[in-house]
Every structure is written in C-alpha cells, then in structure tokens.
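Engineer: Protein sequences, first through last, are from chains A and G.
Position one of the first sequence corresponds to residue 1 (our numbering), numbered consecutively onward.
Position one of the second sequence corresponds to residue 1 (our numbering), numbered consecutively onward.
Some hints here could point you the wrong way.
Unchecked claim - Which bits of chain G does chain A cover? Going by a derived footprint, with three or more residues having C-beta under 8 Å, they are:
1) 38-49
2) 99-110
Said to hold, decoys possible - Calculated pairs, DMTMM-like style, for lysine to aspartate or glutamate (alpha carbon to alpha carbon, straight line, at most 25 Å):
3) G:K97 to A:D31
4) G:K97 to A:E15
5) G:K71 to A:E15
6) A:K5 to G:D105
7) A:K115 to A:D84
8) A:K37 to G:D59
9) A:K56 to A:D24
10) A:K71 to G:D59
11) A:K37 to G:E62
12) A:K5 to G:D38
13) A:K115 to A:E15
14) A:K5 to G:E62
15) G:K57 to A:D1
16) G:K57 to A:D31
17) G:K97 to A:D55
Said to hold, decoys possible - Okay, the calculated beta carbon distance ranges per label pair:
18) G:T5 to A:K115: 46 to 56 Å
19) A:P79 to G:K69: 43 to 53 Å
20) A:G16 to G:S82: 25 to 35 Å
21) A:N7 to G:K17: 25 to 35 Å
22) G:G40 to A:K115: 23 to 33 Å
Read the hints as simulated data drawn from the structure, not as lab findings.
Note that CB positions come from ideal geometry on N, CA and C, so glycine has one too.
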Amino acid sequence: DQQVKQNSPSLSVQEGRISILNCDYTNSMFDYFLWYKKYPAEGPTFLISISSIKDKNEDGRFTVFLNKSAKHLSLHIVPSQPGDSAVYFCAASALVSSSNTGKLIFGQGTTLQVKP
Amino acid sequence: EAQVTQNPRYLITVTGKKLTVTCSQNMNHEYMSWYRQDPGLGLRQIYYSMNVEVTDKGDVPEGYKVSRKEKRNFPLILESPSPNQTSLYFCASSFVKGGPQHFGDGTRLSIL
Numbered sequence: 001d002q003q004v005k006q007n008s009p010s011l012s013v014q015e016g017r018i019s020i021l022n023c024d025y026t027n028s029m030f031d032y033f034l035w036y037k038k039y040p041a042e043g044p045t046f047l048i049s050i051s052s053i054k055d056k057n058e059d060g061r062f063t064v065f066l067n068k069s070a071k072h073l074s075l076h077i078v079p080s081q082p083g084d085s086a087v088y089f090c091a092a093s094a095l096v097s098s099s100n101t102g103k104l105i106f107g108q109g110t111t112l113q114v115k116p
Numbered sequence: 001e002a003q004v005t006q007n008p009r010y011l012i013t014v015t016g017k018k019l020t021v022t023c024s025q026n027m028n029h030e031y032m033s034w035y036r037q038d039p040g041l042g043l044r045q046i047y048y049s050m051n052v053e054v055t056d057k058g059d060v061p062e063g064y065k066v067s068r069k070e071k072r073n074f075p076l077i078l079e080s081p082s083p084n085q086t087s088l089y090f091c092a093s094s095f096v097k098g099g100p101q102h103f104g105d106g107t108r109l110s111i112l
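Given the sequences, and given the hints that come with them, work out the whole structure.
Structural biologist: This is the structure:
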C-alpha cells in the first residue's frame, strides 16, 4: 500500500518555464512533508519542506504548496534551469504522532528534464 | 563539511557470503536510518536508530541486521545475502526524528 504517490514518472519542461511536480498521500496522520532532489550516483539532498499548519512555503525558485483537504502537495520550480534536471522525491512523516519513529515515507520519484 | 559516508560504493558478491556496509556521520546526529531504493518503489526504510544501542525495524527489515555502538556509526549487515537484496542502499541521519535527513551517496549491491 503506497501511502505517498507520485503518479508522474517523468516530466519535461523548457528552460525558463515553470515545473510542477505533484504528490498525493493517503495517511491523514502525516503532518510534515519534504521534497528531495537526487542526481545520478549521489544521495538525495533535502530541498524544501512544509508543515501541515501551513499551505505554502517558499525558498528562492522553489515553492511547495499543501492542500490538506485533497491530501495533495506540489513543488513549483520557477524559472526552471537545466541544472534542475534530476529525480525529485516527495516524502512525508508524522512528527507529532505518539508513534513517531522518525520514518520518512517516500514517493516513487519523478524524473524532471529541463531542456535548454 | 557535514556528511554521511557509506562504504563500499559498489559491491558484487555471491549468495550467502556475509557482508557489511558501513555508514558514518560527522554531524553528531542521534537519528540514523537505512533505506533501499528499488525501481517504482521509491525509498523504503530498512532499520532505524534513535540513539546509541537503540535500534528498531523499518518497513523491510527481513534479511538485515544493524548495530549502533557509537553515535557516529550505523553499519548494515547482511548475514546471508540473497539475490532479492540486490538494490541501491542509502544511509541517512538527522538531528530530529522525522525531520530533514542527510543522505550518503549510496551503495549499489549486486547479489549473484
């Protein structure tokens, strides 16, 4: 049972345009969400996060939006650059849950290609 | 430089031959974790540790062991590897459990 889903395996956009990566979750106990970027032959690197008490968090070109009622989050990259080409994973955890084990539940990943 | 270091980066071995993948972090993090990445499945947690001598199972612990004798080290042990453990493995650490984790560069294991 996949609790965090990224339904688009890949996305291709033109340099300078907006990239929108989507993620859906099923567990209403999740209260903290993260996006990671992964280049080939490297480990995932933390990009941006959002707590469930907020619906938007922005860091430079990266903005994460959270829609709790729809159990949906998205990552917007504006403007997209060729160096953004990577695999993007969304992840979720239940920070305030009494059974918090610190585990991050990851989606399957979306491969973003930004064309020059 | 803050980092999580895994060794080896690549290993090809045979079924049943015990192996250990080492993981070390220099950030004084209490929380450490092992994940495996398989196509179409994302990253799944194998084991985690909340502190020295405190370890517990993640989602896919079968066939693996871990130990946490020192805060900085969290080795992953495959006592009798099998082909279904062929995968890409990542070690990670964080200051706060459930918070942003720092990942190593991965270990690609092939069990023949």
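Engineer: With reference to the structure, classify each hint as holding or not holding.
Structural biologist: Against the structure, the hints come out as follows:
{"no.": "1", "hint": "38-49", "in the structure": "holds (count 7)"}
{"no.": "2", "hint": "99-110", "in the structure": "holds (count 8)"}
{"no.": "3", "hint": "G:K97 to A:D31", "in the structure": "holds (13 Å)"}
{"no.": "4", "hint": "G:K97 to A:E15", "in the structure": "violated (36 Å)"}
{"no.": "5", "hint": "G:K71 to A:E15", "in the structure": "violated (44 Å)"}
{"no.": "6", "hint": "A:K5 to G:D105", "in the structure": "holds (24 Å)"}
{"no.": "7", "hint": "A:K115 to A:D84", "in the structure": "holds (10 Å)"}
{"no.": "8", "hint": "A:K37 to G:D59", "in the structure": "holds (22 Å)"}
{"no.": "9", "hint": "A:K56 to A:D24", "in the structure": "holds (16 Å)"}
{"no.": "10", "hint": "A:K71 to G:D59", "in the structure": "holds (22 Å)"}
{"no.": "11", "hint": "A:K37 to G:E62", "in the structure": "violated (28 Å)"}
{"no.": "12", "hint": "A:K5 to G:D38", "in the structure": "holds (15 Å)"}
{"no.": "13", "hint": "A:K115 to A:E15", "in the structure": "holds (5 Å)"}
{"no.": "14", "hint": "A:K5 to G:E62", "in the structure": "holds (24 Å)"}
{"no.": "15", "hint": "G:K57 to A:D1", "in the structure": "holds (18 Å)"}
{"no.": "16", "hint": "G:K57 to A:D31", "in the structure": "holds (22 Å)"}
{"no.": "17", "hint": "G:K97 to A:D55", "in the structure": "holds (22 Å)"}
{"no.": "18", "hint": "G:T5 to A:K115: 46 to 56 Å", "in the structure": "violated (35 Å)"}
{"no.": "19", "hint": "A:P79 to G:K69: 43 to 53 Å", "in the structure": "holds (48 Å)"}
{"no.": "20", "hint": "A:G16 to G:S82: 25 to 35 Å", "in the structure": "violated (48 Å)"}
{"no.": "21", "hint": "A:N7 to G:K17: 25 to 35 Å", "in the structure": "violated (39 Å)"}
{"no.": "22", "hint": "G:G40 to A:K115: 23 to 33 Å", "in the structure": "holds (25 Å)"}
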